[in-house]
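A.B. asks: We have chain A; now place chain B onto it with these hints.
Number of protein chains: 2
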Amino acid sequence: MEQHVQQWLKDKRTAHLDELKEFLSIPSISALSEHKPHIKEAADWLAKNLQSAGFDHVQVMPTNGNPVVYADWLHAPNKPTVLIYGHYDVQPVDPIGLWDTPPFEPDIRDNKIFARGASDDKGQTFMHIKALEAILHTTGTLPLNIKFCIEGEEEVGSPNLDRFVEVNQNLLAADVLVISDTPMLDKGRPAICTGLRGLCGLQIDVKGPKSDQHSGLFGGAVQNPIHALVRLLDSMRDEEGHILIDGFYDQVIPITEEERAAYQFLQMDEEKVRQELEVPALFGEKGFSMLERTWVRPTLEVNGIYGGFQGEGIKTVLPSEAHAKITCRLVPDQEPDQIVELLRKHIQKHTPPGVTVQVTPFDKGYPFMTPIDHPAIQAASRAYEKAYGVAAAFTRMGGSIPIVATFNRLLHLPVVLMGFGLPNENFHAPNEHFHLENFDLGLLTLCHYWFELANTPV
Amino acid sequence: MEQHVQQWLKDKRTAHLDELKEFLSIPSISALSEHKPHIKEAADWLAKNLQSAGFDHVQVMPTNGNPVVYADWLHAPNKPTVLIYGHYDVQPVDPIGLWDTPPFEPDIRDNKIFARGASDDKGQTFMHIKALEAILHTTGTLPLNIKFCIEGEEEVGSPNLDRFVEVNQNLLAADVLVISDTPMLDKGRPAICTGLRGLCGLQIDVKGPKSDQHSGLFGGAVQNPIHALVRLLDSMRDEEGHILIDGFYDQVIPITEEERAAYQFLQMDEEKVRQELEVPALFGEKGFSMLERTWVRPTLEVNGIYGGFQGEGIKTVLPSEAHAKITCRLVPDQEPDQIVELLRKHIQKHTPPGVTVQVTPFDKGYPFMTPIDHPAIQAASRAYEKAYGVAAAFTRMGGSIPIVATFNRLLHLPVVLMGFGLPNENFHAPNEHFHLENFDLGLLTLCHYWFELANTPV
Chain A
31 MEQHVQQWLK DKRTAHLDEL KEFLSIPSIS ALSEHKPHIK EAADWLAKNL QSAGFDHVQV
91 MPTNGNPVVY ADWLHAPNKP TVLIYGHYDV QPVDPIGLWD TPPFEPDIRD NKIFARGASD
151 DKGQTFMHIK ALEAILHTTG TLPLNIKFCI EGEEEVGSPN LDRFVEVNQN LLAADVLVIS
211 DTPMLDKGRP AICTGLRGLC GLQIDVKGPK SDQHSGLFGG AVQNPIHALV RLLDSMRDEE
271 GHILIDGFYD QVIPITEEER AAYQFLQMDE EKVRQELEVP ALFGEKGFSM LERTWVRPTL
331 EVNGIYGGFQ GEGIKTVLPS EAHAKITCRL VPDQEPDQIV ELLRKHIQKH TPPGVTVQVT
391 PFDKGYPFMT PIDHPAIQAA SRAYEKAYGV AAAFTRMGGS IPIVATFNRL LHLPVVLMGF
451 GLPNENFHAP NEHFHLENFD LGLLTLCHYW FELANTPV
Chain B
31 MEQHVQQWLK DKRTAHLDEL KEFLSIPSIS ALSEHKPHIK EAADWLAKNL QSAGFDHVQV
91 MPTNGNPVVY ADWLHAPNKP TVLIYGHYDV QPVDPIGLWD TPPFEPDIRD NKIFARGASD
151 DKGQTFMHIK ALEAILHTTG TLPLNIKFCI EGEEEVGSPN LDRFVEVNQN LLAADVLVIS
211 DTPMLDKGRP AICTGLRGLC GLQIDVKGPK SDQHSGLFGG AVQNPIHALV RLLDSMRDEE
271 GHILIDGFYD QVIPITEEER AAYQFLQMDE EKVRQELEVP ALFGEKGFSM LERTWVRPTL
331 EVNGIYGGFQ GEGIKTVLPS EAHAKITCRL VPDQEPDQIV ELLRKHIQKH TPPGVTVQVT
391 PFDKGYPFMT PIDHPAIQAA SRAYEKAYGV AAAFTRMGGS IPIVATFNRL LHLPVVLMGF
451 GLPNENFHAP NEHFHLENFD LGLLTLCHYW FELANTPV
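Protein chains in written order, with this note's numbering: chain A, 31 to 488; chain B, 31 to 488.
For reference, chain A alone in the conformation it holds in the complex (with noise of 0.2 angstroms):
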């Protein structure tokens, strides 16, 4: 790669960190309906950034949903051609309180930006455009074709991407996909993703009396909401977390002993994690390893629970209704739709008596795979290797990218998933941030990316 790209990624960083703190500001939360315009506001700036950057063909394209933010460079003839798929909206920041300092105005503090979407996503789909653009105003030209798709719902599982895909396959037609929003394993030490879990989950709505009763009154007498649902939950899954409705694993492919040797190899720290989330144990399914139980094996978790008096102090009452919010991670071949219907019947079978239940499952995505040794794959792992120091690892992640399954599925592409965000810079949860040693070398890597695939056949 050419000394002068570097150069200009060291002279413009400043510039690069206030403009992405710009970006960063705007709320755009798709899971919270107020945030509309926010959403409009973050695609705008977005399609702006691509514009001044030099790429063609800029668009905010509607869909049924958030829109998709296109752009593309197509000037490299006989060259592979590139999507990077990114996503410029956030998940909700709730409970505010917890935050250090307020979710949309990012602080740097100790080499960190923290603000809501600083590692997932926005952080990363903007050091996609710069790395361009240094390429691009260094040399006057890119090496290989470039095309971008940045949606606004990824947090909310994507609902309307699969049909803009199925509309925009010839606009979207490329050699590979590359997605930024895994992981690194830790500090320094750089990961290439070859494996998502898939979601699936639904909303559980237990209602009993036709509204909140007084405990004195008709307690013992009428089945409590709340103890219906604790109920069902605990029906769901055993004291280690392994799953207890009905077929669950039945499509699970089992763990190898060459991937059991690989995740060994990493040699995870899980006391490390379990000082790092302070818990006094780590939990988990017998038998497997942290990493296996969250890269191989499904899990049900709750998300949200709610019911009667949350106030100050104590309200006697017997609530009219309790609710839950639940949500699996699926593994190859798990089926979504097939776990949803496994859910129901598992509801079905075990509601309780005195109360009735209505159930309404969220958006679904598949779990996906896609081989190590593919030329793609092994250019990033050179191109890491290069600004890092040190090989990237192979591994698989416990999260869900639902779009991944869906671009392989229609546009027939393979997938490199290469993340800059560490472990612990908490995507979802108060004091999101993302490490600048990875804003730094991730651009590095990205740029020594294009190169190196440039010049692979794909």
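It cannot be assumed that every hint is accurate.
Pairs count within a copy or across copies, as identical chains cannot be separated in the list.
[Said to hold, decoys possible] In silico DSS-like pairs for lysine-lysine, Cα to Cα no more than 27 angstroms straight-line:
#1 Lys416 - Lys109
#2 Lys240 - Lys142
#3 Lys217 - Lys240
#4 Lys40 - Lys217
Derived from the structure by calculation, the hints contain no laboratory data.
C.D. replies: Okay, now just chain B, sitting in the frame of chain A:
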């Protein structure tokens, strides 16, 4: 009873309801500290009302919490002295969205007055003042001596009343305690309550990882505090609501065949209750009727639960915390302190691995029973029959008035529980109301009672 007392009540009906509306408009919620000014406003309002009704020594007496309103009329030598207890504080109003009219804008429709506190207990406390005022203004005197003790912390467990009663034993000394805060059996079916359940409870705070985590990255490897809480709560009751806390039933006095027959005689229409509550089925311990389940059996209810994401849509979080509030209704001879200890032990023994649990007890109340053949109770029975034309049933009640035991213990006086609310008047729930038929007949009953009791040696 003299004819012009009745006439007075008739003539003053509209004025009385206007006064009551004024009283009900004050949002004197004791559970929420932001309502402190309204607590004071309600106490002052009562004092003014007692003053203008003709009582002496009207005082708003400070406690370590909310003040107690005291007043008396002691000009009937050689006649019994009655202590009337009531409370001017009310329950919180959430979920506010389910009220048809605002909780603190009293509205009369279908001959019912709708407001928080209409029935529990502002409406009934107010009736006591108006009944005595009617006698005093039409006859120029009262047939017996009266003391009022109206507190402002009943809905939060009366944390300061024990001390208040202890310090003011002489001031409050009386021959009979009368309280109107228990329900009738049904429209036209008055009841004198001879037993109350006690109360104890606690808040359970489950703490997992130090902050909310991404359910994809840590799900399956870190205990989810909601699952831990769900398991803990589910361990406390079986599927019929029978409580699984070791030793919980040890002190429960078994129901006698006589009581069972007395309650069967009441011919409780369980199907009607089921329909009114709009539940698919009633519920409870096998071998007990609904009345037995709510009157003579102890219970354990989750009054509130919360943790993780409660907003619109989905948030794939593994939450840091989960919380529940539970209360037990106790029956003679369960000791509240002892039951709290049993709960603590159970929680300690059943805390799932990977989380820590903190327990905070709420205030407690003893269960209570009073003999049916006491002359003050028999006089009340005659008063009801004169006003309603039917004999009052003798019942017990599922709710708790913790201070009843306090009065009994410190002042050594029998308690007459003669309430005028209907069981479906939504105390503690949205759309609380009070039927005006019982406002009218209740005023008459109380007037009759004072004349009956004046001629009864107690």
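A.B. asks: All hints, please: hold or fail.
C.D. replies: The hints, checked one at a time:
no. : hint            : in the structure
1   : Lys416 - Lys109 : within (22 angstroms within a copy, 101 angstroms between copies)
2   : Lys240 - Lys142 : between (51 angstroms within a copy, 19 angstroms between copies)
3   : Lys217 - Lys240 : between (54 angstroms within a copy, 20 angstroms between copies)
4   : Lys40 - Lys217  : within (21 angstroms within a copy, 83 angstroms between copies)
Checked against the numbered hints given earlier, the structure satisfies every one of them.
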